[in-house]
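Asker: Order-wise, the sequence lines are chains A and B.
Here the first sequence stands for residues -16 to 394, where the numbers follow this note's numbering.
Here the second sequence stands for residues -16 to 394, where the numbers follow this note's numbering.
Please keep in mind that the hints were generated in silico from the structure rather than gathered at the bench.
Take the hints with a grain of salt, since some may be wrong.
No distinction is drawn between identical chains; accordingly, a pair holds when it is met within one copy or between any pair of copies.
[To be verified] List time: in silico DSS-like cross-link candidates among lysine-lysine, alpha-carbon distance up to 27 Å:
hint, residue 1, residue 2
1, Lys127, Lys145
2, Lys179, Lys124
3, Lys293, Lys127
4, Lys346, Lys124
5, Lys293, Lys323
6, Lys127, Lys29
7, Lys323, Lys304
8, Lys105, Lys304
9, Lys105, Lys251
There are 2 protein chains.
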Amino acid sequence: MNAEIIGIGSELLLGQIANTNAQFLSRQMSYLGIDVYWHTAVGDNKTRILEALRIASERSDIIITTGGLGPTMDDLSKETVAEFLGLEMVIHTPSLKSIEDYFRSMGRVMTENNVKQAVFPKEAIILPNDNGTAPGAILEKDRKIYIILPGPPAELEPMFCKYVIPYLEGRTGCRIYSKVLRIFGIGESAVEEMVKDLLLNQSNPTIAPLAGSGEVTLRLTAKADSEQTALELIRPVQEEIEKRLGNAVYGYDDDRMENIVLDLLKNKGLHLALAESCTGGYVSNLLTNVPGASEVFLEGCVTYSNNSKKSRLMVSQETLKNYGAVSAHTAIEMAEGIRKTSGADIGASVTGIAGPGGATAQKPVGLVYMAIAGPNGTKVMEYRLTGNRQRIKSGTAMRLLNCLRLYLLEQ
Amino acid sequence: MNAEIIGIGSELLLGQIANTNAQFLSRQMSYLGIDVYWHTAVGDNKTRILEALRIASERSDIIITTGGLGPTMDDLSKETVAEFLGLEMVIHTPSLKSIEDYFRSMGRVMTENNVKQAVFPKEAIILPNDNGTAPGAILEKDRKIYIILPGPPAELEPMFCKYVIPYLEGRTGCRIYSKVLRIFGIGESAVEEMVKDLLLNQSNPTIAPLAGSGEVTLRLTAKADSEQTALELIRPVQEEIEKRLGNAVYGYDDDRMENIVLDLLKNKGLHLALAESCTGGYVSNLLTNVPGASEVFLEGCVTYSNNSKKSRLMVSQETLKNYGAVSAHTAIEMAEGIRKTSGADIGASVTGIAGPGGATAQKPVGLVYMAIAGPNGTKVMEYRLTGNRQRIKSGTAMRLLNCLRLYLLEQ
Chain A
-16 MNAEIIGIGS ELLLGQIANT NAQFLSRQMS YLGIDVYWHT AVGDNKTRIL
34 EALRIASERS DIIITTGGLG PTMDDLSKET VAEFLGLEMV IHTPSLKSIE
84 DYFRSMGRVM TENNVKQAVF PKEAIILPND NGTAPGAILE KDRKIYIILP
134 GPPAELEPMF CKYVIPYLEG RTGCRIYSKV LRIFGIGESA VEEMVKDLLL
184 NQSNPTIAPL AGSGEVTLRL TAKADSEQTA LELIRPVQEE IEKRLGNAVY
234 GYDDDRMENI VLDLLKNKGL HLALAESCTG GYVSNLLTNV PGASEVFLEG
284 CVTYSNNSKK SRLMVSQETL KNYGAVSAHT AIEMAEGIRK TSGADIGASV
334 TGIAGPGGAT AQKPVGLVYM AIAGPNGTKV MEYRLTGNRQ RIKSGTAMRL
384 LNCLRLYLLE Q
Chain B
-16 MNAEIIGIGS ELLLGQIANT NAQFLSRQMS YLGIDVYWHT AVGDNKTRIL
34 EALRIASERS DIIITTGGLG PTMDDLSKET VAEFLGLEMV IHTPSLKSIE
84 DYFRSMGRVM TENNVKQAVF PKEAIILPND NGTAPGAILE KDRKIYIILP
134 GPPAELEPMF CKYVIPYLEG RTGCRIYSKV LRIFGIGESA VEEMVKDLLL
184 NQSNPTIAPL AGSGEVTLRL TAKADSEQTA LELIRPVQEE IEKRLGNAVY
234 GYDDDRMENI VLDLLKNKGL HLALAESCTG GYVSNLLTNV PGASEVFLEG
284 CVTYSNNSKK SRLMVSQETL KNYGAVSAHT AIEMAEGIRK TSGADIGASV
334 TGIAGPGGAT AQKPVGLVYM AIAGPNGTKV MEYRLTGNRQ RIKSGTAMRL
384 LNCLRLYLLE Q
């Protein structure tokens, strides 16, 4: 089976938004083992929507439309699909009741045009909208499947996961279960090399590598008739991969490095303080994005100037003079200084040259030192990163968090 | 004239990337006054690329392809357009030389398959690639225009702006010139209300409001036969808008709030230090994203715990006990404390409840206090923000930068 995604909405063609729904749906379909061969985007124009449906129905088995389900005159998706398939539109009473309830719960009056959102082509399977007023629908006609979804991603994504995936699994006759392994500190080609034989012999589960944002992920996807069976298929492959990659596997599925570090601190009852120079607050910002970070994160010092390194962190004038602000010695004194002055169990520091200015012959842009001071002594690390200022900052931040993770695993 | 954008690349259909090129090009075309009626995306598959070209050539005047210009076997765009139009492929010598120079400057050896990137359909107008190895091309045939662009946005966007816009302006017979006014502190509907008469009577320049990321922009676009004339058309409208919106207009075109604040500090010869609580380093991170921030930004303290507010910023135990960490009193002491302990001319502080936890009946999630201490005294502001933790952090950061901007304008 193959699929085509038709995005409906003039805001796409004006460039006001990117078609992220097509990306989300394509990725989900690939997990389901269904090939997507075409994306199309068309405005809120009946003639062109009909043309898009005609072309899609001639070349694709599954046609997914997104957008155009709202209450206004502009919203034409359902009506046009019904016209294209020669189906009558009827009121779907449970949907009408849901929409009325939704308005009541918001303390707002439902206007007449909202009734439109409860009108569907006859014979449609209705997809409830748990996050808005416009339900979706599935229609089967002439061996083609039409899936009609709302435009806002916050409505489309949960609707697809909760209602459309089980439907498609029912059609393809098998259940799909995925587990993502998140890997940091080894590049994509090295990861592929390390699991090459598994990649070559993959069948069920399949193994899909993906690189992005400085990390590599491996998605293991099993097809089975129950979740239990799928998990049993995934487990030995996952264990084999983890045996080979060791603690470069830092998390699973939606895990983020900052959550892992905070969880380790909580589990071990340790408090952290940070001294950042070249990252300029990036690491503190990542950690404090996580609700409850304040339980274990005491404070951070963004010591950009030499004076602040001395006054806040007790870095010595001699060290700065003899080795410079970007040096292993300074990183060590910064980590030990933030630990001492904050009273935290763990002090972590980073100093480097984010560029584009500030480099010397000995110290190029991208040279970074980081240190971690704890009850059992201090570790220091040197890295050489490439890219522009932002990439060096974010790459450095991820490396510091990863160093903290590895350090905490040993405590 | 109307246009269609064909994205070529299997990574689009696998959902590995969103089709942001279609968004960028659609927005640019709308500025040029050219309607985009269709987006299509298709994989690296010759049969389907040919089908996409056939369909597009039947319904669109301008067909823009993106992607598929690389050196590998997968990259099929130019060859397939040439086949579709019945044109011969020939080596373009200046492009071959540029590619050779590019490899030489990178200290790498050019492999044989890179020659492919210098081969073009006969009669093509070649578009130099100033940011990579794959040039683009324009072809005119049977009163249709085919524009072939590379996939990476960092190559496509400058190529489009530098070479394609002047070409299209030549075809449409007029020059387009835009100026964006960036507005902070007034909502979209209030801005529209304040310039309603100008919006209703717009013709040349046109005025397009757009809201996003907590700010509002107004894009003034003039059509004229010279840049000078366009500027003269824009100037009186811009002046009228600025008269009405006052210093809510914080910048122009690609300006960012953090750059404006840093420039003001530099121009006035002032140094800044920050004390952040609820924003957790977000503001420091924004400022240090700008090269050269270190000239005026001395340091930041992310004082998450009460202890750190006392030890780093000299906030008094009495203030914390009587008014709480989230209070105007604490914000004032934080700003004055960071100013004193850092030696900066300006100390700025922020404390608030980013949520989802930490709220009380008196202090809801989103309550934020910020203060600015300088040579002429201390100002304090209270805000109530809505949204999730990230939105509250980023909204607070923008407000603090805007307060700093307004404070510095008065110095």
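Asker: Next step is simple, just say for each hint if it's right about the structure.
Answerer: Here is what the structure says about each hint:
| no. | hint | result |
| --- | --- | --- |
| 1 | Lys127 with Lys145 | within (21 Å within a copy, 45 Å between copies) |
| 2 | Lys179 with Lys124 | neither (43 Å within a copy, 48 Å between copies) |
| 3 | Lys293 with Lys127 | neither (70 Å within a copy, 67 Å between copies) |
| 4 | Lys346 with Lys124 | neither (67 Å within a copy, 55 Å between copies) |
| 5 | Lys293 with Lys323 | both (13 Å within a copy, 15 Å between copies) |
| 6 | Lys127 with Lys29 | both (21 Å within a copy, 25 Å between copies) |
| 7 | Lys323 with Lys304 | both (22 Å within a copy, 25 Å between copies) |
| 8 | Lys105 with Lys304 | neither (79 Å within a copy, 63 Å between copies) |
| 9 | Lys105 with Lys251 | neither (58 Å within a copy, 68 Å between copies) |
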